[in-house]
Amino acid sequence: MKKFYWILGAVAVIGIGAVGYSVGSNALGKAATEPVEVEGLDNMETLVAKAQGITKGDPDAPITIAEFSDFQCPGCGAFALTVKPQLELLYVQTGKAKFVYYDFPLTSIHPHTFLASRAGRCANDQGRFWEFLDVIFRNQSTWAAKPNVEGDFVDYAGQAGADKKTFEACLKSDAHADVISANMRLGYELGIEGTPTIMVSKGRGMARRLMSFDFESIQSVIESMLVEPVPPSGN
Amino acid sequence: MDENQSPPRNRMAIAILSLAGLFVAAYLLAHSLGLTGPLVCGIGECDTVQSSKWSHVGPIPVSAFGVVGYLALVATSLFGLQPAGRASRPVGVLLLSLAAVALACSAWLTYLEAFVIRAWCQWCVISAILVTCIFLAALPELKRLRARSDA
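These protein sequences, in sequence, are chains A and B.
For reference, each letter of the first sequence is one residue, going 2 to 236 in the working numbering.
For reference, each letter of the second sequence is one residue, going 1418 to 1568 in the working numbering.
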């Protein structure tokens, strides 16, 4: 009987150790989960240079559809899964428009959103941003309620076709925190208060901000811009 | 079987196997709750299995049922090793019942992996092997129950 208790104790120690380690090693370490200070953003030129959208479609397409989005915002999820595919089919794939994604994580109400933005950028490093965007939005209700989402994001990156180890190393660092912080600042400078915010522009012309993000509203703006003459460049 | 009889070895085996299974289920549950990093998955496609619709029963992760089941097996087998529990008929019946239910659940989940999800999770396979061993280890209870009925 004594031998039995020794074996049982050994199994208990190994089990507690293994499960405890897997939970403990999940600490994000130096991962940036909040916006960071970026020098020079008060200067508009520096801000515009630092802020970077992620583009889908022909970079020379006449129309630009810019979205300021938050991965943890349900409206952004609905837009990404229902409206964006229609816009892509009609305008992006036909070369009439390009789609540009800007991070605008609403960190005051969404605890995982900054990390999610960084996760998107880490997927983008491997050319898998748009695939990751689909997966993370499809699973939004699953991960948004969890206390810790790093494991989920790594899983989603794998589903999006990214190398999980490379992605995880990126996620556990402070990579892209500066660009996302700059994108947030750009959004604030543009007066953006909520997500998703859609802005449509033609050439270097003034962007038109849409008050709603349903397909018909965006389509009517794009169609009207397509027949307008291209605005002269500012040079 | 009386209280002075030596502790049944099959119950020792069930206790050890169930404790190992408990940690496997606890690991999967911790992952489902977002408490761990990515699943360690050397063999198979754990992500595919764990993110499938079959990984939950309503809002409850399947691994939670595993934790409860293994806990019940550990507790019952340990009680069955104590002098007061060795001769207890309900302990034998409960061990057999728990092992049979666990085997049935495990067989169903293995079927889902093989033919519906078409992906394997190494932790589910380990759990299935453990449950099969637990069921085999519980079979002597049947013999004991019959012997007691005949006496």
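Some clues are possibly wrong.
[Unchecked claim] Below, a sample of chain A positions facing chain B; criterion: calculated Cβ distance under 10 Å:
no.: 1; residue: Phe5
no.: 2; residue: Leu9
no.: 3; residue: Gly16
no.: 4; residue: Ile17
no.: 5; residue: Ser23
no.: 6; residue: Val24
no.: 7; residue: Leu42
no.: 8; residue: Met45
no.: 9; residue: Thr47
no.: 10; residue: Lys51
no.: 11; residue: Ala79
no.: 12; residue: Leu82
no.: 13; residue: Trp131
no.: 14; residue: Ala146
no.: 15; residue: Gly152
no.: 16; residue: Gln160
Bear in mind the hints are in silico, worked out from the structure with no lab data behind them.
Given the structure is predicted, the values throughout are model-derived calculations rather than measurements.
Note that CB positions come from ideal geometry on N, CA and C, so glycine has one too.
These are the hints, each one checked on the structure:
Hint on phenylalanine 5 of chain A holds. Least Cβ distance to chain B is approximately 5 Å, under the 10 Å limit. Taking 10 Å as the C-beta cut-off, the interface hint given for leucine 9 of chain A holds, the closest approach to chain B being about 6 Å. Checking glycine 16 of chain A against chain B by beta carbon gives a least distance of about 3 Å; that is within 10 Å, so the hint holds. At a threshold of 10 Å, the smallest CB-CB gap from isoleucine 17 of chain A to chain B is about 7 Å, leaving the interface hint in force.
A cut of 10 Å between beta carbons decides the hint on serine 23 of chain A: the least distance to chain B is about 5 Å, and the hint holds. Here the hint on valine 24 of chain A is kept, as its CB sits about 5 Å from the closest CB of chain B, short of 10 Å. With its C-beta approaching chain B no nearer than about 33 Å, leucine 42 of chain A sits outside the 10 Å limit, and its interface hint is violated. Using the Cβ-Cβ criterion of 10 Å, the hint placing methionine 45 of chain A at the interface with chain B is not satisfied: the shortest such distance is roughly 40 Å.
The interface hint given for threonine 47 of chain A is broken, as the beta carbon of that residue sits about 36 Å from the closest beta carbon of chain B, more than 10 Å. Hint on lysine 51 of chain A is violated. Least Cβ distance to chain B is approximately 31 Å, over the 10 Å limit. Because the smallest distance between the Cβ of alanine 79 of chain A and any Cβ of chain B comes to about 21 Å, over 10 Å, the interface hint for this residue is violated. Of the supplied interface hints, the one on leucine 82 of chain A is violated, with its beta-carbon coming no nearer than about 17 Å to a beta-carbon of chain B, more than 10 Å.
With its C-beta approaching chain B no nearer than about 19 Å, tryptophan 131 of chain A sits outside the 10 Å limit, and its interface hint is violated. With a cut of 10 Å, the hint placing alanine 146 of chain A at the interface with chain B holds, because the nearest CB-to-CB distance is about 9 Å. A hinted interface residue such as glycine 152 of chain A counts as satisfied when its beta carbon comes closer than 10 Å to some beta carbon of chain B; here the least separation is about 5 Å, so the hint holds. For glutamine 160 of chain A, the suggested interface contact is upheld, since its CB lies about 7 Å from the closest CB of chain B, less than 10 Å.
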